[in-house]
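**Student:** Residue strings, one per chain:
Number of protein chains: 2
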Amino acid sequence: MEGNLLGQLIDALRCLPGVGPKSAQRMALHLLERDREGGRQLSQVVGEAMERIGRCRRCRDLTERELCAICADSRRDDRLLCVVESPVDVLAIEQATAFRGRYFVLLGRLSPLDGIGPEELGLDTLEARLDESPPDEMIVATNPTVEGEATAYYLHQMAEVRDIRVSRIAHGVPLGGELEYIDQSTLAHAFGSRQAFTPGR
Amino acid sequence: MEGNLLGQLIDALRCLPGVGPKSAQRMALHLLERDREGGRQLSQVVGEAMERIGRCRRCRDLTERELCAICADSRRDDRLLCVVESPVDVLAIEQATAFRGRYFVLLGRLSPLDGIGPEELGLDTLEARLDESPPDEMIVATNPTVEGEATAYYLHQMAEVRDIRVSRIAHGVPLGGELEYIDQSTLAHAFGSRQAFTPGR
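Taken in sequence, the protein lines are chains X and D. Residue numbering for the first sequence follows this note's numbering, starting at 16 and increasing by one per position. Residue numbering for the second sequence follows this note's numbering, starting at 16 and increasing by one per position.
Just so you know, the hints here were simulated from the structure itself, not pulled from any lab data. Treat the hints loosely; a few may be bogus.
[As the list claims (entries may be wrong)] Here's a subset of chain X near chain D, in silico, CB distances under 7 Å, partners left out:
#1 Q23
#2 L31
#3 R41
#4 V61
#5 P102
[As the list claims (entries may be wrong)] Negatives, chain X to chain D, calculated, CB over 10 Å:
#6 R72
#7 A143
#8 E152
Note that the Cβ used here is the ideal one computed from N, Cα and C, for glycine as well.
Sequences and hints are given; from them, build the entire structure.
**Tutor:** Have a look at this one:
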């Protein structure tokens with residue numbers, strides 16, 4: 016309507032995931048009418064982030080430095096290495112757990128049909144790292160999807176030939192979940208992976 | 016976690032309405048991992064919009080020019096003037112209706128308790144415009160809230176002393192709505208405002 020710049024602003028906001036025409040319109044008018052300072056800040060930070068954020072040389076996580084904050088932190092435990100699919104997983108684990116080891120970010124999962132093989136996931140970098148400074152334990156935290164499982168299997172092989180202990184995060188009924196509403200495959204998996212019950216542990 | 020730039024990016028995205036910490040995180044990673052070009056574009060357009068978009072001198076709508084596209088369009092009908100609360104309303108009316116008249120954007124509604132009086136809504140500008148080039152009809156499209164109604168009443172007075180016909184957009188049961196689920200005040204209003212039924216008109 017208004018054409019030009021307002022229209023362009025609405026269009027540009029639609030590149031954000033989950034933002035359709037109506038939300039983009041609301042966001043544009045919010046910035047223009049109520050939060051120009053926030054908009055200026057947003058423009059500046061997004062621009063800078065797009066230019067400066069790259070990959071950590073060691074763990075492939077997103078960072079604007081050569082080494083990410085976790086890799087650069089000498090207080091973290093080198094004996095534990097957690098392998099995840101994406102940078103969001105690192106954020107989620109850092110926020111939810113007390114894990115103080117290191118990470119390796121695959122940036123994807125093995126998916127030969129999409130042309131994603133071991134090289135695309137930086138598994139050569141990971142292999143070099145396992146040879147150079149092998150951790151005591153490698154925790155595989157890929158997602159419990161078909162590709163995630165295949166990736167976990169591949170990672171397991173890599174660690175096994177090097178005599179590194181491998182663990183996989185537990186999958187089953189989420190806390191607060193009700194058996195009645197859980198999907199069948201999760202319930203079947205939870206049943207199959209039942210563990211000795213030792214109250215008070 | 017990652018600190019610095021990624022954290023700043025996530026924070027900056029939260030200035031958008033309806034964006035909480037999780038969505039901001041998802042947006043940041045989407046831009047960084049999948050759409051850097053979109054992010055650059057977003058940064059540039061938002062920055063430019065924040066600096067350059069102001070108000071139309073004539074109708075107070077948002078525009079980067081002195082006159083907005085609608086006010087500058089000589090093909091639009093000067094005899095119809097539609098008064099709305101906000102620039103979104105102009106977009107909504109333009110998208111939904113075949114209205115080809117002019118607009119006046121109040122940028123708010125009368126709300127004495129919040130210190131919003133006739134001056135804040137530019138009603139002096141509107142009065143000058145009604146004196147200078149009176150339209151045949153003024154369509155009041157403020158929202159059907161208490162303040163919107165008060166504003167509509169005030170606008171009606173302004174037009175009446177100048178012998179300008181005033182109309183108000185219809186309020187009632189929305190098309191496709193079911194009486195059973197409509198709120199009581201809307202239904203009462205729709206009942207009270209019933210009109211002669213002339214099929215085929």
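**Student:** Indicate, hint by hint, whether the structure satisfies it.
**Tutor:** Structure-based check of each hint:
no. : hint : result
1   : Q23  : holds (5 Å)
2   : L31  : holds (5 Å)
3   : R41  : holds (6 Å)
4   : V61  : holds (4 Å)
5   : P102 : holds (6 Å)
6   : R72  : holds (14 Å)
7   : A143 : holds (23 Å)
8   : E152 : holds (22 Å)
Checked against the numbered hints above, the structure violates none of them.
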